[in-house]
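Using mature numbering (1 follows the signal peptide of the UniProt record, and there is no 0), the letters of the sequence shown correspond one by one to residues -19 to -1, 1 to 184.
No lab work stands behind these hints: they were computed from the structure. Hints may contain errors.
To be verified - The list that follows gives simulated cross-link-like pairs (lysine to any residue, SDA-like), each with its CA atoms no further than 20 angstroms apart: (1) Lys114 to Tyr176; (2) Lys131 to Lys112; (3) Lys14 to Lys112; (4) Lys144 to Lys121; (5) Lys14 to Glu120; (6) Lys53 to Lys14; (7) Lys66 to Lys121; (8) Lys133 to Leu122; (9) Lys131 to Val151; (10) Lys63 to Arg38; (11) Lys121 to Tyr174; (12) Lys45 to Glu58.
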Amino acid sequence: MKKILLAAMVLLAASNSYSQEKETSIEVRGVAKLDREVESYYIDFAIAEEYGETEGRKPFEDLKKAFFAKAKAAGLEESRFKEDKMAYQALQYYREGTLYTFETRTKEELLKATRLANGGGVVTIAGSRLKFKPVKDDEKLYDAAFSVCKEKAASLAKALNKKLGAVLTVTDYTSPELVSEENFYYKPATDQYYYLSVKFAIE
């Protein structure tokens, strides 16, 4: 029995050694930075009644009128605010109110819009997000990421005393998502990258 086990261990070791000697491919990843242009900024305003039953509490309709009067004074027309009552319900404020989304293509108007919120909890920024324009020159991105992969693979092949051969497979790991969301406050858009994985034959 011991002889059988010993023979099996020797056979397994030989098999592993043979596999390493016969390694025929290497897989590497490369990245290329995406230059994204912002198409639109979106900001969501929740307008809700004040808490409690205070005598001076303003009716909801008065709060809306005051909000749009302030918006108009800032040069933002009421028609540019799109109401979404279902989205307001999802906030679970449990008081009468609604949600309006404002869209703009400029940071200047975005800044004006953020000033419409107040500190009393009546008008709050419920969310914000931005939408990017479609990626341009995707072929250049592919070429850049592929070049990184090829350079890495060539270095690894050299370290293994092998020559770099043909491309066997190419996999694109880039996320197709074009919208980046940030809640409550805008932050600079994080860098995005084009990810590529390439498997090369080695000889």
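Quick rundown of the hints versus the structure:
Proposed proximity of Lys114 and Tyr176 is supported: the alpha carbons are some 19 angstroms apart, at most 20 angstroms. For the hint linking Lys131 to Lys112, the alpha-carbon distance of about 33 angstroms lies beyond 20 angstroms, and the restraint is violated. Proposed proximity of Lys14 and Lys112 is supported: the alpha carbons are some 18 angstroms apart, at most 20 angstroms. Proposed proximity of Lys144 and Lys121 is contradicted: the alpha carbons are some 26 angstroms apart, above 20 angstroms.
Distance hint between Lys14 and Glu120 is fulfilled; the C-alpha atoms sit about 13 angstroms from each other, no more than 20 angstroms. Note on Lys53 and Lys14: the hinted pairing is violated, with a Cα-Cα distance of about 40 angstroms set against a maximum of 20 angstroms. With a CA separation close to 44 angstroms, the supplied pair Lys66 and Lys121 exceeds the 20 angstroms bound. For a cut-off of 20 angstroms, the pair hint linking Lys133 to Leu122 stands: about 17 angstroms separates their Cα positions.
For the proposed pair Lys131 and Val151, the alpha carbon gap of about 12 angstroms is at most 20 angstroms, so the pair holds. For the hint pairing Lys63 with Arg38, the CA-to-CA distance comes to about 26 angstroms; that exceeds 20 angstroms, so the pair is violated. Proposed proximity of Lys121 and Tyr174 is supported: the alpha carbons are some 13 angstroms apart, at most 20 angstroms. Only pairs whose Cα atoms come within 20 angstroms are accepted, and Lys45 paired with Glu58 is accepted, the gap being roughly 13 angstroms.
Figure legend: structure checked against the earlier numbered hints; hints not met, in rising order: 2, 4, 6, 7 and 10.
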